[in-house]
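**Student:** Okay, here's what each chain looks like letter by letter:
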Amino acid sequence: MTSRRAKSRTIQVNYLTRVEGEAAVRIRLHDGELVDLRLQIFEPPRFFESFLRGRDGREAPDLTARICGICPVAYQMSTVHAFERLYGITIDPAVRELRRFYLCGEWIESHALHIHMLAAPDFLGCDSIVTLADKNRQAVERGLRIKKAGNAIVAALGGRSVHPVGACIGGFTRAPRREQLADLREQLLRVRDDAVECVQWVSHFDLPAVTRDIEFVSLRNRDEYPMNEGRIGSSKGIDAEPGNFDDCFEEHQAPYSNALHCKVKGRGPYFLGPLARVNLNFARMGPDVTSVARETGIPWPNSNPYTSIVARALEVLYAIDEALRVIDAYQPPAAPAASFEVRSGVGRAITEAPRGSLYHAFETDQRGLIRSARIVPPTAQNQAQIEADLRELVPGLVQRSQAEATHLCEMAIRNYDPCISCSTHFLKLEIERH
Amino acid sequence: MLAEAPPPNCEVIAADRPGTALVDLLEGATAAILIDAVRSGAPAGTIHEFTFDELDSGAAHLFSSHDLGVAAAIQLAQKLGRAPSVGRVIGIEIAPGSTARLSGLSPRTRQAVRRAVERVRSSVAEFEDQERERAQPNRGSEPIA
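Chains A and B supply the protein sequences, listed in that same order.
So that you can map any letter, position 80 of the first sequence is 80 in this note's numbering, and since no number is skipped, the others follow by simple counting.
So that you can map any letter, position 106 of the second sequence is 106 in this note's numbering, and since no number is skipped, the others follow by simple counting.
When the alpha-carbon atoms are kept at most 30 Å apart in a straight line, the in silico DSS-like pairs for lysine-lysine are as follows:
{"#": "1", "chain 1": "A", "residue 1": "Lys148", "chain 2": "A", "residue 2": "Lys135"}
{"#": "2", "chain 1": "A", "residue 1": "Lys148", "chain 2": "B", "residue 2": "Lys79"}
{"#": "3", "chain 1": "A", "residue 1": "Lys236", "chain 2": "A", "residue 2": "Lys265"}
{"#": "4", "chain 1": "B", "residue 1": "Lys79", "chain 2": "A", "residue 2": "Lys135"}
{"#": "5", "chain 1": "A", "residue 1": "Lys263", "chain 2": "A", "residue 2": "Lys236"}
If you are wondering where the hints come from, they were derived from the structure by calculation, not from laboratory data.
With the hints as extra help, turn the sequences into a complete structure.
**Tutor:** Put into structure tokens, the structure is as follows:
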């Protein structure tokens, strides 16, 4: 925070112990032609892989949840599913439903935050949600109501909406009573109309009309819109078990970045996130949501990254409907969590975090202590695709001012809702012209 | 400390990284005092105090992909007409954390917390006195509804 008081001072409120990074793009041009483009996004999960080693696997869900302040539930889900595969645990069907409900809450709060605080100000020429409130107070109030409903779902199962604790290997530490979930029903019904209006609002933004050759990747599930279960699918034919992640994708160290870049084996970058999920699983959102999607006039599937904001809004609507379905059908499980015996082995799982597929793999010894951990978040997997999008932008940047060029790059990156710390202006853009 | 013996007519809320929820928490209050850890480079234990209106407008840009920061949340609440007319922030300067172990609060910061609590109590007393003066009918002012 900064103050206008007579003596100049800067007060920085920084409550997160990890240092969130910025994004940096370096573009080198020669006679107006692109020579080199490099994107760097700080990637904290790598440090967690190191200090998880030697820890008891039963601690892992609470530890990995702290990797991210906006998607802790997804980290918990990937972790518990990986360990359940490792230990051969079958979860109660009611627990399975509660986990979808839990992730619905996170999708709702994360997407609502991104749409109203980060993306909408960009599209509407506002420099923050505060100035957006001047322009369209109703939309901001609506966004806050939607986010609050998402937070309430997460708090109902996780004890609190920030760094929730509640998920464990085998289920939850406690299962809510029917009445506790029913309390949320009225709140969700009220914000459903808000969510429909949000889809309509964002679909009328001046979205750049681009078409790219993109490979979209997400989980696919025959019976439902994918969240915690499914097979890896893509728009170019991938169909694989989550355990075969390494058969489909490869990571390599970019020399200029501390992140590993991911590509489809034998091909190139790929695109994770709401637009990928909507493109690959459109009908699974159900007719109440697909009808709203069609009314936007946007074709589905499509390969325009700028429609990601609409895909996010559609997922908010889907998540509200799905949460209501779970509430109406909910019967508490016989036990909140299945019991199990630890053993040595390897477990792998993918969960659809708000930003896309999140892959976890753990290896344990006979005592259930972690020998190795692998955490591949969607933002890391998207980096190669983001670079590809930025390369497409370069011809349009050459004649622009530094401020305009930076803003256009930020908008392109923001389609992916990358999990980095960002002010309205987060990008360090360096253009070298020779 | 405050929760164990709250000042009169006050609700004490411990909000762990409230983000946008701060907008809801501020609504309906006649006055609000926010206490938070800060880092400005000042010595640990320094107490900073300023009103909501003294927040720089640039603070609205300071938020994360992970939620709204305290300053931006205050300004949003003001913009939406949900912030109390009297709002104060008491910031307690913390020392950089030790990476070797979980160090908790430094002794200086611990002392500063006690001073901040006293400052909250005296601020509430000041505010109550001002409200009582405003409410006195023989001064020609309107009673508080």
